[in-house]
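From first to last, the protein sequence lines are chains E and S. Numbering of the first sequence is given in our numbering, commencing with residue 1 and proceeding in unit increments. Numbering of the second sequence is given in our numbering, commencing with residue 1 and proceeding in unit increments.
Hints listed in this document are in silico derivations from the structure and should not be mistaken for laboratory results. Glycine is no exception: its CB is placed at the ideal position from the N, C-alpha and C atoms. The reader is advised that the hints may include incorrect statements.
What the hints assert, rightly or not - Some chain E residues judged to face chain S by a derived CB distance under 8 angstroms, without partners named: (1) G89; (2) L123; (3) L309.
To be verified - Covered stretches of chain E (chain S as the covering partner; in silico rule of three or more C-beta atoms under 8 angstroms from a C-beta of chain S): (4) 18 to 27; (5) 69 to 76; (6) 224 to 234; (7) 301 to 308; (8) 316 to 327; (9) 355 to 365.
These are the residues of each chain, in order.
Protein chains: 2
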Amino acid sequence: MPVNYATPAPEALFPVAGVRLGTAEAEIRKKNRRDLTLVELAPGSHAAGVFTQNRCCAAPVTVCREHLAAGSDIRALVINTGIANAATGEQGMAAARATCEAVAAQIGCAADEVLVFSTGVILEHLPVDRLIAGLPAAKADLNADHWHAAAHAIMTTDTVAKAASRRIELGGITVTITGISKGAGMIRPNMATMLGFVATDAGIAPELLPALARDAADQSFNCITIDGDTSTNDSFVVFATGASGLAVDAASPHWPALRAAVISVAQELAQAIVRDGEGATKFITVEVGAGGTAAECRKVAYAIGHSPLVKTAFFASDPNLGRILAAIGYAGIDDLDAAGVKVWLGSATEEVLVSENGGRAASYREEDGSRIMKNAEITVRVDLGRGSAEATVWTCDFSYDYVKINADYRS
Amino acid sequence: MPVNYATPAPEALFPVAGVRLGTAEAEIRKKNRRDLTLVELAPGSHAAGVFTQNRCCAAPVTVCREHLAAGSDIRALVINTGIANAATGEQGMAAARATCEAVAAQIGCAADEVLVFSTGVILEHLPVDRLIAGLPAAKADLNADHWHAAAHAIMTTDTVAKAASRRIELGGITVTITGISKGAGMIRPNMATMLGFVATDAGIAPELLPALARDAADQSFNCITIDGDTSTNDSFVVFATGASGLAVDAASPHWPALRAAVISVAQELAQAIVRDGEGATKFITVEVGAGGTAAECRKVAYAIGHSPLVKTAFFASDPNLGRILAAIGYAGIDDLDAAGVKVWLGSATEEVLVSENGGRAASYREEDGSRIMKNAEITVRVDLGRGSAEATVWTCDFSYDYVKINADYRS
């Protein structure tokens, strides 16, 4: 059960002018589920993406990087679930390229105008023939209103589909931003996540898109962790069709609002992944401030967010908060003065100081910690006492069900 | 249930001349258990230790570092379980110093000739009055044959006591090396572990001891991980009484054999901690070779050893081996060529090549992986194809019981 999250209704996912989506059953890994998604973009659409830093990255990630580097329009995305096409060698590269060529033939574009994404089991080969055989059905299903279906078709161990949508008025033109994401395990994105897609019908100058994709990822998918495992397939892509009639460049007065809306959709999608984290029962925000650098704040936030001991204490609603101090201590700041660190625990309605001066705060009472730990949404706030940098990480707790899901996955 | 490990019988733990041990019930955290251990060393004994790199290190760790730096003989060790005396500020430091003074008064030595160790819950104050009140009973219990009882008295979530012992003949003199350790969670020692003690009645030149402690830790406790959480209290101490009558310095022909025996005892104790890892059902050896540096081999070995996805797959006996490749890929070697990596999976009786050339090995069959994964002792061997450095890490799997133990601990 996700933590305070439900998939938006189909009508809450606004169509993006210039984008049509279709899904089909291709039997990539299992029968009787829609596991193939085709996204068609209007001519003149541009895209930018950020991808996993995992050195064993998947074949589709390599192909996406090549196609985005070519700088041409992007006319289609194709996404399969079931098999990740990662650690599949030359055969995997050939499968990803063949997929792009088959999509190009369907859509009527060049192969390097297609982006390809896979998610699922690593080290197994993609049944590329079945994937290609499913493309005509996906094409026949293309519809601007199929965001909801596409969000479902890209799921793996997700228990709910993730999507977010905004409409904003810019210079008298209504601009839409809609996105979908998936992921529940192997989540500690490093530069991107597996998988996130945000579309807008604003026209965004192509030179702005790479930085927008990176900034949006850095403020959303790059701030979440479920189990600390960086996937081989993480991909986050922003695409802009221009079909709304609004064109925006860096000098446009609409650029800040459009940029903020894209980032906001990305954050909602990223948080949805954590809320649906494998076995999650709580949503934890870790805010680290007063650090010397943002990098050291992130180190501390991730050390807390990754610690199995901290995460199991949250699961148990046990204010065994010394585990948080231990994680801060081993986060890798060599000259950290433990006596300067403060830690607070908070819920939506209160915050209590847990630790200061190298020990338990004099005002802290166990019953305060116990009360806050019972909430489904908890914030850990850390003051490093070293500067003014800050970082936030969103994570979830660690329950029996995480083990169950990952011991059973694939079976 | 530990993986292929049982506490040695009391008679298998050879007394070390010059060392007497006593335990007592001090009600540090719970009644009706021996939670206080006193170790008395003969005059002229020397010790060296390595301690946690956690910046929120416990008060007793700070005091041990000071006392070892003073360079005097070490005449006693005092160890309590139940409360870690970590994140306890000035009050914690005062408690650790008061403990040393009380022990010094009992033994008849200086306070800086006492080393103090605590293990248990962080962020709670040590009941130092009850600890000191327990010292006379521990002193009355002092006996050269009490290694077995001491191994039990230092346990926390351990399910079995850990101890190892060797007798070797050097130059016609029988030298004994006996050690004990504890730890089952919050185990990813960084320079040392919580807690390991190895004693010998050989006389070791004091200038050799620090390097011996460090080398032994690097080849034992620094090669294990259970959950990736580096404790606030990790301590590993080697002490030498000289009471056997054999004195060894760097030029001695006996030094290599003595050193090897000390390291061997440390390895047995470190592996015992992994075999008794919280919830462990399997003992996993991760050997990484052909690396550019030992440091990068360790990065890869720890990435595999820490991955919750890899560890739950071992628990499930599921050869979902792509998770190992994903961990290699995100281990942090920026210029790693995935196509040059090879991975084998092995048991005591066989080894199969799983992956090469960036994908699944042509010869690999799922049934081979399934058969090997059913073993209680499994080796993952990785060839990075970059050089000649290597590193080994020992770890365990990740089961429901890890979550249960850590959600319940403290309650």
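Here is how each hint holds up against the structure:
For G89 of chain E, the shortest C-beta to C-beta distance to chain S is roughly 3 angstroms, which falls under 8 angstroms, so the interface hint holds. With a cut of 8 angstroms, the hint placing L123 of chain E at the interface with chain S holds, because the nearest CB-to-CB distance is about 3 angstroms. Against a cut-off of 8 angstroms between C-beta atoms, the interface hint on L309 of chain E holds, since the closest Cβ of chain S lies about 5 angstroms away. With a threshold of 8 angstroms between beta carbons, the proposed coverage of the segment 18 to 27 of chain E by chain S is violated, since 0 of its residues qualify and at least three are required.
Counting residues of the segment 69 to 76 of chain E whose beta carbon lies closer than 8 angstroms to any beta carbon of chain S gives 0, which falls below the threshold of three, so the coverage claim is violated. Using a Cβ-Cβ cut-off of 8 angstroms, 6 residues of the segment 224 to 234 of chain E lie near chain S, which meets the minimum of three, so the contact claim holds. Coverage of a stretch by a chain is defined here by at least three residues with a beta carbon nearer than 8 angstroms to that chain's beta carbons; for the segment 301 to 308 of chain E and chain S the count is 3, and the condition holds. Counting residues of the segment 316 to 327 of chain E whose C-beta sits closer than 8 angstroms to any C-beta of chain S gives 9, which meets the bar of three, so the coverage hint holds.
Only residues whose C-beta sits within less than 8 angstroms of a C-beta in chain S count toward coverage, and the segment 355 to 365 of chain E has 5 of them, enough to reach three; the restraint holds.
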